[in-house]
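Each chain, written out:
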Amino acid sequence: MAEPIVVKIDRELEVLVPRFLDNCRRDIGLIETTLAKNDLDTARKIGHSLKGVGGGYGFAEITRLGAAIESAARDGDGLRAAAATSALDAYLAALQIEYV
Amino acid sequence: MRVAILEDDPAQIDLVTLWLNNAGYNCHVFTYGKELTRALPRESFDLFMLDWELPDISGAEVLKWMRENVREHAPVIFTTARDREEDIAAMLHAGADDYLVKPLRKLELLARIDAVLRRTRASRPGDEGPFNLAEFTVDVESRTIQRHGQPIELTQKDFDLAVFLFRNLGRLLSRGHILENVWGRSPTLNTRTVDTHVSRLRSKLGLTPENGWRLVAIYQHGYRLEQIQKEEQVYAV
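Chains as they are written, first to last, in the numbering used here: chain A, 794 to 893; chain B, 494 to 730.
No lab work stands behind these hints: they were computed from the structure.
Do not rely on the hints blindly, as some may be mistaken.
What the hints assert, rightly or not - Calculated Cβ distances over 12 Å to all of chain A for the following chain B residues:
1) Gln505
2) Ile506
3) Leu508
4) Thr510
5) His521
6) Arg564
7) Thr572
8) Ala587
9) Pro596
10) Arg598
11) Gly622
12) Asn683
Stated by the list, open to error - Dumping the calculated EDC-like pairs for lysine to aspartate or glutamate here, alpha-carbon to alpha-carbon at most 16 Å:
13) B:Lys650 to B:Asp688
14) B:Lys599 to A:Asp803
15) A:Lys838 to B:Asp501
16) B:Lys599 to A:Asp882
17) A:Lys838 to B:Glu546
18) A:Lys838 to A:Asp868
19) B:Lys650 to B:Glu628
20) B:Lys527 to B:Glu546
21) B:Lys557 to B:Asp501
22) B:Lys557 to B:Glu546
23) A:Lys830 to A:Asp870
24) B:Lys697 to B:Glu634
25) B:Lys557 to B:Glu578
26) B:Lys599 to A:Glu825
27) B:Lys557 to B:Asp632
Stated by the list, open to error - What follows is a set of in silico ranges between Cβ atoms, one per label pair, in the way DEER data are often shown:
28) B:Asn515 to A:Ala887: 57 to 65 Å
29) B:Gly677 to A:Arg812: 26 to 34 Å
30) A:Arg867 to B:Gly588: 24 to 32 Å
31) B:Trp558 to A:Arg818: 35 to 43 Å
32) B:Gly677 to A:Arg804: 35 to 43 Å
33) A:Asn816 to B:Asp580: 21 to 29 Å
34) A:Ala887 to B:Ala604: 32 to 40 Å
35) A:Arg812 to B:Gln713: 35 to 43 Å
Remember, it's a predicted structure, so these values are computed and weren't measured experimentally.
For every residue, glycine included, the Cβ atom is placed at its ideal position computed from N, Cα and C.
Please construct the entire structure, taking both the sequences and the accompanying hints into account.
Pasting the structure below:
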């Protein structure tokens, strides 16, 4: 089992974070589906959205991996996009939140 | 302060509205550009936060429409995940007063909003202590208004309404905007409350053309307080 990744999040966001993370997990599923269809444009858009919002919630890694998905999809590299998506999936699975 | 937020990302909407509501702003969210442009003839806002990429038309096109069709210049902050130099320059050339690159940071967002509003309010009276406006002396701290040196008896809401109108002299304010600022957001309040109070205030303060004032009702929109003589200099007491 992967080592938990502890992220400290502003308590003000406690009301929003669970839904946000659920939607991130849903987005991972969507990206996987679109990559399987070789629809890189949709994968790029989802990556772009994750890039733009992750850090705001306190998850800089979601922004970083969202940017990686966006960049790979823009470059037409489905394999790289898939790898970044897997990394995001693993990150969310290991996430442990501490509200401060 | 009333903020119009044009944004189609639900996670972004949740985050920004939480921050701004907790900071005391009243947020109104639009997810389509055309939804906002349709609302603007009827509604007024103190600030616009526009996303660059939207499902129907771009934030830049919305801004262009606003500058061409809305008389009052309310400040506009663009938010975008694009961080290339050319994109930032394009936003500013398009008429944005400021921009923020996503992911947004709470303290920075609130500070930039404050800075933009401060620049806009620089020409408006009353944020710092008492002020004079023509024959009126308004003291927000003691909650008094004098006309030609004589105190005017006003209810609490009449006073708040008067100050809001004086601080926004010459600006078209929608009924919803007035209602929110003076009465707060309440689902039970009717915009007719505004009409009743405006009518009473017009009478109590003598805001009539004979006295050099016009408190104009704009059909299906709201009100504008105007001075119809030469603009008197506004100065702090």
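Do the hints match the structure? See the list:
no.	hint	in the structure
1	Gln505	violated, 5 Å
2	Ile506	violated, 10 Å
3	Leu508	violated, 5 Å
4	Thr510	violated, 10 Å
5	His521	holds, 19 Å
6	Arg564	holds, 33 Å
7	Thr572	violated, 9 Å
8	Ala587	holds, 19 Å
9	Pro596	violated, 3 Å
10	Arg598	violated, 7 Å
11	Gly622	holds, 32 Å
12	Asn683	holds, 31 Å
13	B:Lys650 to B:Asp688	holds, 13 Å
14	B:Lys599 to A:Asp803	holds, 11 Å
15	A:Lys838 to B:Asp501	holds, 13 Å
16	B:Lys599 to A:Asp882	violated, 26 Å
17	A:Lys838 to B:Glu546	holds, 11 Å
18	A:Lys838 to A:Asp868	holds, 13 Å
19	B:Lys650 to B:Glu628	violated, 21 Å
20	B:Lys527 to B:Glu546	holds, 13 Å
21	B:Lys557 to B:Asp501	violated, 19 Å
22	B:Lys557 to B:Glu546	holds, 14 Å
23	A:Lys830 to A:Asp870	holds, 13 Å
24	B:Lys697 to B:Glu634	violated, 20 Å
25	B:Lys557 to B:Glu578	violated, 21 Å
26	B:Lys599 to A:Glu825	violated, 32 Å
27	B:Lys557 to B:Asp632	violated, 39 Å
28	B:Asn515 to A:Ala887: 57 to 65 Å	violated, 30 Å
29	B:Gly677 to A:Arg812: 26 to 34 Å	holds, 27 Å
30	A:Arg867 to B:Gly588: 24 to 32 Å	holds, 28 Å
31	B:Trp558 to A:Arg818: 35 to 43 Å	holds, 38 Å
32	B:Gly677 to A:Arg804: 35 to 43 Å	violated, 26 Å
33	A:Asn816 to B:Asp580: 21 to 29 Å	holds, 26 Å
34	A:Ala887 to B:Ala604: 32 to 40 Å	holds, 34 Å
35	A:Arg812 to B:Gln713: 35 to 43 Å	holds, 37 Å
When held up to the earlier numbered hints, the structure conflicts with 1, 2, 3, 4, 7, 9, 10, 16, 19, 21, 24, 25, 26, 27, 28 and 32 and fits the remainder.
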